[in-house]
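Enquirer: Sequence:
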Amino acid sequence: MMDLLVQELKDYLDSEDRLIALPCGLKHRNLALEYLASQFETGRSYTLQEVNAIINRFHTFDQAALLRSELFENGFLDCTSDGSEYWKVGP
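Position 78 of the sequence shown, counted from 1, bears residue number 78 in this note's numbering, the numbering being contiguous throughout.
Please keep in mind that the hints were generated in silico from the structure rather than gathered at the bench. Worth double-checking, as some hints may not be accurate.
Computed list of lysine to aspartate or glutamate pairs in EDC-like fashion (alpha-carbon distance at most 20 angstroms, straight line) [stated by the list, open to error]:
no.: 1; residue 1: Lys27; residue 2: Glu8
no.: 2; residue 1: Lys88; residue 2: Asp78
no.: 3; residue 1: Lys27; residue 2: Glu50
no.: 4; residue 1: Lys27; residue 2: Glu41
no.: 5; residue 1: Lys88; residue 2: Glu70
no.: 6; residue 1: Lys88; residue 2: Glu34
no.: 7; residue 1: Lys27; residue 2: Glu70
no.: 8; residue 1: Lys88; residue 2: Glu41
no.: 9; residue 1: Lys88; residue 2: Glu50
no.: 10; residue 1: Lys27; residue 2: Glu73
no.: 11; residue 1: Lys10; residue 2: Glu34
no.: 12; residue 1: Lys88; residue 2: Glu73
no.: 13; residue 1: Lys27; residue 2: Asp3
Here are the in silico distance ranges between beta carbons for each label pair [to be verified]:
no.: 14; residue 1: Asp82; residue 2: Ser15; range: 32 to 42 angstroms
no.: 15; residue 1: Lys10; residue 2: Asp82; range: 37 to 47 angstroms
no.: 16; residue 1: Ala53; residue 2: Thr80; range: 10 to 20 angstroms
no.: 17; residue 1: Gly90; residue 2: Ser69; range: 24 to 34 angstroms
Even glycine gets a Cβ: it sits at the ideal position worked out from N, Cα and C.
All chains should be modelled from the sequences, with the hints used to inform the complete structure.
Expert: Right, here's the structure in full:
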């Protein structure tokens, strides 16, 4: 699955498979979010700092807050009401 995502996102990834931009088109944008979400373990809780660290490892454009928000708003991550704990939604 990861290889398929990387192949689909090749125009948006650098040589280290980090996102260099958040795609504008809905299809590739959702694939980019799925790619980021795949870096999180199902069944594990993360602090805000841990979420940002993971996101920062997989993109180059210094927008962890935007990407975290996109992951949340699109149902890839969920969090407590105070934002102190995050977890991956689904498999």
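Enquirer: It remains to establish, for every hint, whether it holds in the given structure.
Expert: Against the structure, the hints come out as follows:
Distance hint between lysine 27 and glutamate 8 is fulfilled; the C-alpha atoms sit about 10 angstroms from each other, no more than 20 angstroms. With a C-alpha separation of about 6 angstroms, the suggested pairing of lysine 88 with aspartate 78 holds against the 20 angstroms cut-off. Simply put, lysine 27 and glutamate 50 have alpha-carbon atoms about 27 angstroms apart, too far for the 20 angstroms limit, and the pair is violated. A hinted pair counts as satisfied when its Cα atoms are at most 20 angstroms apart, and lysine 27 with glutamate 41 does not qualify at roughly 23 angstroms.
About 13 angstroms separates the Cα atoms of lysine 88 and glutamate 70, which keeps this hinted pair within 20 angstroms; it holds. For the hint linking lysine 88 to glutamate 34, the alpha-carbon distance of about 11 angstroms falls within 20 angstroms, and the restraint holds. This hinted pair checks out: lysine 27 and glutamate 70 have alpha carbons roughly 14 angstroms apart, not beyond 20 angstroms. A hinted pair counts as satisfied when its Cα atoms are at most 20 angstroms apart, and lysine 88 with glutamate 41 qualifies at roughly 7 angstroms.
In summary, the hint linking lysine 88 to glutamate 50 is supported, as the alpha carbons are separated by about 13 angstroms, within the 20 angstroms threshold. In summary, the hint linking lysine 27 to glutamate 73 is supported, as the alpha carbons are separated by about 16 angstroms, within the 20 angstroms threshold. As the CA atoms of lysine 10 and glutamate 34 are separated by approximately 14 angstroms, the hinted pair is consistent with the 20 angstroms bound. Note on lysine 88 and glutamate 73: the hinted pairing holds, with a Cα-Cα distance of about 12 angstroms set against a maximum of 20 angstroms.
The suggested pairing of lysine 27 with aspartate 3 holds, with an alpha-carbon distance near 17 angstroms, which does not exceed 20 angstroms. Against the hinted window of 32 to 42 angstroms, the Cβ-Cβ separation of aspartate 82 and serine 15 comes to about 39 angstroms, which satisfies the hint. Here the CB-CB span from lysine 10 to aspartate 82 is close to 38 angstroms, well matched to the stated 37 to 47 angstroms. Checked against the hint of 10 to 20 angstroms, the pair alanine 53 and threonine 80 passes, with Cβ atoms roughly 18 angstroms apart.
Distance hint check: the CB atoms of glycine 90 and serine 69 are about 18 angstroms apart, inconsistent with the given range 24 to 34 angstroms.
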